[in-house]
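Chains L and X, in that order, are what the protein sequence lines are. First residue of the first sequence: 4, per the numbering used here; consecutive thereafter. First residue of the second sequence: 323, per the numbering used here; consecutive thereafter.
Among the clues, some could well be false.
What the hints assert, rightly or not - Once the Cα atoms are required to be at most 27 Å apart in a straight line, the calculated BS3-like pairs of lysine-lysine come out as:
{"id": "1", "chain 1": "X", "residue 1": "Lys345", "chain 2": "L", "residue 2": "Lys188"}
{"id": "2", "chain 1": "X", "residue 1": "Lys645", "chain 2": "X", "residue 2": "Lys388"}
{"id": "3", "chain 1": "X", "residue 1": "Lys483", "chain 2": "L", "residue 2": "Lys46"}
{"id": "4", "chain 1": "X", "residue 1": "Lys344", "chain 2": "L", "residue 2": "Lys188"}
{"id": "5", "chain 1": "X", "residue 1": "Lys384", "chain 2": "X", "residue 2": "Lys483"}
Said to hold, decoys possible - Residues from chain L that keep clear of chain X, each with C-beta distances beyond 12 Å, as calculated:
{"id": "6", "residue": "Phe22"}
{"id": "7", "residue": "Ile80"}
{"id": "8", "residue": "Ser85"}
{"id": "9", "residue": "Asn125"}
{"id": "10", "residue": "Ser155"}
{"id": "11", "residue": "Asp158"}
{"id": "12", "residue": "Ser160"}
{"id": "13", "residue": "Asp161"}
{"id": "14", "residue": "Lys206"}
{"id": "15", "residue": "Glu209"}
{"id": "16", "residue": "Glu295"}
{"id": "17", "residue": "Asn315"}
{"id": "18", "residue": "Tyr320"}
{"id": "19", "residue": "Asp334"}
To be clear, the hints were calculated from the coordinates, so they are not data collected in a lab. Glycine is no exception: its CB is placed at the ideal position from the N, C-alpha and C atoms.
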Amino acid sequence: MSSVEIEHSITLPEWLDTFIFDELGANYAPDYVRYEFNLDLTKEEVRTYLGTYFPRSYTESYCIFDNLFSNPKYYSIMQQKSEISILDFGSGTGGEIIGLLTILSKFLPNLKVITVLAVDGNHDALRYSTKIIEQFKLHCSIPINYTVGPVSIGDCSDVEILDEIVQNSFDFILSFKAICELISKQRITGNAYQYVANILSPKLTETGLITLLDVTVRNNMIGTYYPIHMNQGLRNFLNELELFKTLIPLSCHKFEDSCKHLCFTQRIFKVSHSRRINDVSKVSYRIMGRKEFIQAIIPDFTNGKFIIQKKNGINSYCPYSVGDNEINSFDINI
Amino acid sequence: MEDEFFIDYGKLDQVQRHFIDKKTNKSMVVTGSAGSGKSVIALHKAKQVSALGSYAIIVYTKTLKKYFSDGLKKLGLANVYYYNEWLKIKPQVKYLIVDECQDFTAEQISEMCNTGEICFFFGDTEQSIMSFNGPLQTVQDTANHIGVMMEPLYYNYRLTKENAMLAEVVGKVEDVVEKCVRNGEKPQVILKDSVDSQLDEIVKIIKNKSLSNVGILMPFNTKKTANSRAGNMKLSVEYVKEYFTQKGVAVEFKYSANQDTEMDLDFHSSNPKVMTWWCAKGLQFKDVFIPCSETTYEEQKRTAVYVAMTRTGERLYISYSGKLSSFFPEPTNGLYASTDEIEMI
């Protein structure tokens, strides 16, 4: 049995639980599978999305950034900042934004302002996200400037328009479970992860990080699983544009220059809330940044067996692993 | 132009406005509730594409064309037609911009598409009230017809939340309040013992408050029509115009009993404008009066009342005699300003 655990569990904060389920009327529907068609959700469906997917996105974001800020090198750099800016592409009801904001208020309570631009085509989802942000402000001493970008992506030209409009640089760029929808609806030609990374990564500040996260199911249109498609697209992106580098998974960071494999990377998060104990979320994600910055914060680690997923209690490892020492590819604090 | 529209183009939601601005190489369908800035965006879009190729702008009525004339002049736009005018010419253009597209039938939309290489439609199905020529095409169907996604406008800049709350109930429309960004006074409900007393009260309010941007919106054009359809000739633009004239109150009016009585509205004048709910479509006033709200209308007129109510940028006055129409909540409802609130105002 491995001593390294890549699963992570948390409980939704009580105020957030009460607000989304009791105030906003969110519904938890465990059988509800609609992540690929969020743009078309009706208001009622958005409430179901809010009850089912929002807590999961919150958890994923909370855990990912909690791990990141627990890294002393990263923390010491971020501590010098007085302002933080966030872009969320396909923000939906804003679970990942609230997760990140919670971490920022925990680790950087003296920030002067946090600026958020939330881009999504579903207006009902954006309205819910705005209400949740207003509620979050009551639990956070940092001023938050929250702007919505209510635009739908019909094709590549729309992304390019958005690229032109959004001229700022961001400390965090997020896209959680949004690119799968662009793929399902065939909105983007070519590999959508590569395309989005190409467009959004240049908008990172010198110390900015982009996190692309998606579901791990198979899509018949692309003939493979989303994580494999993501890893393929992002490897192309990184090979073509040498300015950027992977931070997480650590195995990709270490071997991406010469990697020939298309791995199925997956991490499991569990969230407990008033409607469900240990609701499971399976996702694949990649965190990238500018090469110099990534080199500055990456911990020293030797070779080992890099865990890239856990299935039925059994770990899978990066094919380039060497030795017996198990390393959690998703943990920057090894 | 911004003063006239209450909506400063530069203050519209930045991300979405820029997004719409940048789309010039493919057709687009923009929708938004009353007061979301559709027409302002449509005109700026027209200005933008006018530099890129031939263009035509179609608005539904002659009144709307006149209403827009200042804005159009300021933007240097010339090729503007009201529908019947356009129909006679049907110029082939690269860019076609159609405002209030929800008031056209599928055939009319199709016909328009045939004359424009790239078409921009602006409309709101909730305000679809001109079904004289047959069933109208929803904005969503127009988007489907030309094979694009509908771009809904996110905010409402004209309506105050207070007026929107009442409009939602009357129009049986959802989510208008959520889109509003402004607060204002609650609508006032005015009870008087007759239609004439209501009109006297309207004159009094206009004078006491020195109101200079007023719409008085009626259900019928002429006394004859009002009499034959509702049994009360006073529910007409014609009657209100005559009553005000007798009282020495100058008004702008528009109804088409005959050429002698029809007048083109002068939107530069500060005189109150009297017209039908339908004629007010697409227009905006700071203060809107809806007299004769005791009258019970058939359900189909609900949307027209909603359209009339949503013409206001500031204050809304609902006057009635006897019992308020069932379209409206009871006069004691908290959606209306209370007597105390009115005194404070």
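Item to check | aspartate 161(L) and chain X, when compared Cβ to Cβ, separated by more than 12 Å | outcome: Aspartate 161(L) not clear of chain X: closest Cβ-Cβ about 8 Å, inside 12 Å.
Item to check | Minimum Cβ-Cβ distance from asparagine 125(L) to chain X exceeds 12 Å | outcome: Check fails; 10 Å does not lie beyond 12 Å.
Checklist entry - Are all beta-carbon distances from glutamate 295(L) to chain X longer than 12 Å? => result holds (31 Å)
Item to check | Closest CB of chain X to the CB of aspartate 158(L) still more than 12 Å away | outcome: violated (9 Å)
Next on the checklist: Given the hinted pair lysine 345(X) and lysine 188(L), is their Cα-Cα distance within 27 Å?
Outcome noted: holds (21 Å)
Checklist entry - Taken at face value, is the distance from the CA of lysine 388(X) to the CA of lysine 645(X) at most 27 Å? => result Distance of about 37 Å is beyond 27 Å: violated.
Next on the checklist: Would the hint linking lysine 483(X) and lysine 46(L) be met if the CA-CA limit is 27 Å?
Outcome noted: Distance of about 20 Å is within 27 Å: holds.
Checklist entry - Checking the smallest CB distance to chain X, is tyrosine 320(L) really beyond 12 Å? => result Its Cβ never comes within 12 Å of chain X, the nearest being 43 Å, so this holds.
Next on the checklist: Checking a non-interface call: every C-beta of chain X should be farther than 12 Å from the C-beta of lysine 206(L). Is that right?
Outcome noted: The claim holds: lysine 206(L) sits with its nearest Cβ about 14 Å from chain X, beyond 12 Å.
Checklist entry - Against chain X, does serine 85(L) keep a CB gap of more than 12 Å to every residue? => result holds (24 Å)
Checklist entry - For glutamate 209(L), which was marked as not at the interface, is the minimum beta-carbon distance to chain X over 12 Å? => result Label holds. Min Cβ-Cβ 25 Å, cutoff 12 Å.
Next on the checklist: If we take the beta carbon of asparagine 315(L), is the closest beta carbon in chain X still more than 12 Å away?
Outcome noted: For asparagine 315(L), whose nearest Cβ neighbour in chain X is about 41 Å away, the distance exceeds 12 Å, so it holds.
Violated hints for the displayed structure, listed by number in ascending order: 2, 5, 9, 10, 11, 12 and 13.
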